[in-house]
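Enquirer: Sequence:
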Amino acid sequence: MHALLRYVQGYPENIVSQIDSLISSNKLVPWFEVRYPENHTIKSEKALFEYTIEIKNRYMKKTAPLSKVVYDNKIHLINNALGLHTYVTKNHGGKTKSKNEIRIASIFKEAPEPLLRMLVVHELAHIKEKNHDKAFYQLCCHMLPDYHQLELDARLFMIYQELKER
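So that you can map any letter, position 112 of the sequence shown is 112 in the numbering used here, and since no number is skipped, the others follow by simple counting.
Calculated lysine-lysine pairs in the BS3-like style (CA-CA distance at most 30 Å, straight line):
no.	residue 1	residue 2
1	Lys134	Lys68
2	Lys68	Lys128
3	Lys46	Lys95
4	Lys43	Lys68
It is worth saying that the hints were derived from the structure and are not from the lab.
Build out the structure end to end from the sequences listed, making use of the hints.
Expert: Printed below as a string of structure tokens:
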């Protein structure tokens with residue numbers, strides 16, 4: 001079994017074995033490039049913030065504001081995370097200030113747009129739903145109907161990146 005399969009740990013065996021077969025036959029890279037021929041053009045943090053706010057305003061207008069959305073090159077080292085949502089509360093002079101921040105793994109600067117959108121949707125959903133429960137995934141699917149397929153494809157993107165580096 002390939003070490004690369006760590007990205008799809010927890011998926012059903014039939015899916016993992018298909019991915020294993022694609023890796024073994026050197027077909028995952030060409031398959032991925034046909035499926036996603038282009039990467040997004042959202043390179044700056046300003047563009048990423050505007051992109052995220054646009055999605056937030058469309059689906060989650062009434063939720064707390066976002067103060068920051070950035071690419072973070074430390075993320076994917078932590079628990080194989082692809083993105084993080086942080087809620088920071090600071091007490092300053094008797095006043096409590098809260099900030100929602102989203103961090104996206106830097107590797108997704110060079111990703112297809114649907115995969116970036118999936119990550120942004122996932123982290124936005126955490127503003128309203130803290131846990132990965134039914135309500136959380138319903139919100140993700142409301143914002144992005146093919147959320148589950150894109151989540152798997154984001155994991156395949158991680159494998160794709162490692163295969164291309166070899």
